[in-house]
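Protein chains: 2
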Amino acid sequence: MTTPTVSTQFLSVQDVAAIVGRVGVDQFLARLAQRIDADYQRWEAFDKVARVAAHSAEGVIELMPIADDTTYTFKYVNGHPKNTKDGLPTVMAFGVLADVDTGAPELLTELTLTTALRTAAMSAVAARALARPESKVMALIGNGAQSEFQALAFHYLNGIEEIRLYDIDHAATQKLVSNLAHTRLRLVVCSSAREAVRGADIVTTVTADKTNAVILSADMIEPGMHINGVGGDCPGKTEIHPDVLRASNVFVQYEPQTRIEGDLQHMPADFAVTELWRVLRKEAQGRTSEKEITFFDSVGFALEDYSALCCLRDLAAELGLGQTVSLIPNLANPKDLFSLIRPQQAAGLRVVGAGADFALAA
Amino acid sequence: MTTPTVSTQFLSVQDVAAIVGRVGVDQFLARLAQRIDADYQRWEAFDKVARVAAHSAEGVIELMPIADDTTYTFKYVNGHPKNTKDGLPTVMAFGVLADVDTGAPELLTELTLTTALRTAAMSAVAARALARPESKVMALIGNGAQSEFQALAFHYLNGIEEIRLYDIDHAATQKLVSNLAHTRLRLVVCSSAREAVRGADIVTTVTADKTNAVILSADMIEPGMHINGVGGDCPGKTEIHPDVLRASNVFVQYEPQTRIEGDLQHMPADFAVTELWRVLRKEAQGRTSEKEITFFDSVGFALEDYSALCCLRDLAAELGLGQTVSLIPNLANPKDLFSLIRPQQAAGLRVVGAGADFALAA
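Protein sequences appear in the order of chains U and Z.
Heads up: take any position in the first sequence, counting from 1, add 1116, and you land on my numbering.
Heads up: take any position in the second sequence, counting from 1, add 1116, and you land on my numbering.
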């Protein structure tokens, strides 16, 4: 798109919540999953890099850029496990969609809610390719901010009917049960991860601690299970014992990133994995037998955010939601950036005392 | 800062223009230069990476993150030289300042205008350390969007009294002359870069073409000159003949980035350069003689944007400008992200026909 003015659309948290509400969470997840699936099948079309992380004592702040020939997106996202103590979300995110031909940012949007939705949709896409098709029971370990979205994606998109819940924070589990009471999901509260996992077709782990934890050990795993490992997504933040990976056929989004961030970080560099896009395109095999254990080492890749930003752009336009913000100047003469401050100069306004210690020569 | 709510302040293009207008462009530049100088002297305090670039046929989109122990910033910036044809700025930018302890984005602001100001302030800081102190005459090659800001920074902060102008686009030069008519600068329009450079104390090149151009060749350079090379800032985008670098004492912001992006990209990997922070801290020598040619191979580093974002945050607070935007959810229970869409679920609103082709299992 090339137009003489730059118009940046802004979607607030409330706007995105309204979009999801208007479309319906099931349809929103379905639309997102379809877009993710289609975008993964265009794998070579994207300019991909591992996300850029700034680590600190309490957490991490990351930027996740990606682009195809026409559209550039990036997401800002943090991970601060101790935030909930202070009443803040562990994960906060926003992102931008821009036009590759001009560099103009066209959409700026909240992505905290969207990240939970897109992660769940991604999990559903992977499980559709990797889990046994008749899967009905899922264990869900970690019942925090993302858990309802995982539950609903597997319910609506993969036919899961029963979810076995466990969290060290019982209140989190109660919150999930209450939030999903309106659905037809059978919710079973368990007293340990081991109890939750027993007999499940799919195991989703989505815990938040930035530690090398062992949520799943090899003796908990049963033949034919599909493991959807979501919470091991940062150096030093893992959930799964290496023996589980050794026993599994392991699938990843983008191998260079997952080697650093995923539960894969504990495995040797030559430990074989398959990138999911190859399975979605039927260029590689997914599950090879009823008995095989499949493992999706999900870390969150920029491509899911690209898909989500494209969906939000399209839905906001369809539904007429959002507002324009003045993020980029519109100039009568693009070489006359100075025109932005010329009127103020002429008006001669000046705050006395906002002075500088840096000497003025003039 | 740890508070139970996340409040993101937004500064539009108009807000930042108002800040500059209220403070005065001279004082704004002075304050920014002082902050950049001080931040460069805290060099080790920052977690630094070369910017992350996505190149396309028409330009580049970059993300520039940096952090110290308390504050994280990043800038989004593009470079699309052909944009002006279509009435769009070549360079458009915005950025965010966030709290390292929580990951919460505290300030979202336009940075197109700000980038021109911070680049000019950075140039002035470098020239103060590298140019001959009695410099009065500057050649300014490239009279586009950034040129007035360069002229004013050198006028107000470095004592430049005469500026010799050249641009292949004569209208751009006329625009500059008109924009700076209110100042006490003596503006001399020249008919070639060579004519502009002759006899100048300082030479600033700030052209926009994404080509390996030769704006300055070695035979144009005179003893004692300081060269402020601003427009060679991207792989394949250079302005200066390698012989000029060979004849000069070369200074850079962040060596790993400048080796890739600066005019330095044409030089062998062992070509000696000095990082400017060492000069500002008096740990390395700047100019060594009256006759020496000094070259600041400016590429734009994330640290200047960090300084600018901190200045804008402080000034917006002092002046009461900007507004709060709902970029991050405020949740009664931070683990209850689902609460954002619960009301809509209950209301049962759904757009008929926004359906998905991805099959719903439920």
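Since the hints were made in silico from the structure, they are not lab data.
No experiment lies behind these values; they were computed from the predicted model shown.
Each hint should be verified, as a subset may be incorrect.
Since the list can't tell identical chains apart, any single copy or any two copies may satisfy a pair.
What the hints assert, rightly or not - Taking lysine to any residue and the SDA-like style, the derived pairs with C-alpha atoms no more than 20 Å apart in a straight line are:
id : residue 1 : residue 2
1  : Lys1407   : Ser1308
2  : Lys1252   : Ala1173
3  : Lys1198   : Asn1446
4  : Lys1201   : Ser1123
5  : Lys1407   : Ala1334
6  : Lys1407   : Pro1249
7  : Lys1252   : Ala1161
8  : Lys1252   : Glu1278
9  : Lys1252   : Gln1130
10 : Lys1201   : Leu1303
11 : Lys1198   : Thr1187
Comparing the hints with the structure gives:
no.: 1; hint: Lys1407 to Ser1308; in the structure: neither (24 Å within a copy, 77 Å between copies)
no.: 2; hint: Lys1252 to Ala1173; in the structure: neither (41 Å within a copy, 48 Å between copies)
no.: 3; hint: Lys1198 to Asn1446; in the structure: between (42 Å within a copy, 16 Å between copies)
no.: 4; hint: Lys1201 to Ser1123; in the structure: between (39 Å within a copy, 18 Å between copies)
no.: 5; hint: Lys1407 to Ala1334; in the structure: within (15 Å within a copy, 72 Å between copies)
no.: 6; hint: Lys1407 to Pro1249; in the structure: within (13 Å within a copy, 78 Å between copies)
no.: 7; hint: Lys1252 to Ala1161; in the structure: neither (35 Å within a copy, 52 Å between copies)
no.: 8; hint: Lys1252 to Glu1278; in the structure: within (6 Å within a copy, 78 Å between copies)
no.: 9; hint: Lys1252 to Gln1130; in the structure: neither (33 Å within a copy, 55 Å between copies)
no.: 10; hint: Lys1201 to Leu1303; in the structure: neither (27 Å within a copy, 60 Å between copies)
no.: 11; hint: Lys1198 to Thr1187; in the structure: between (35 Å within a copy, 18 Å between copies)
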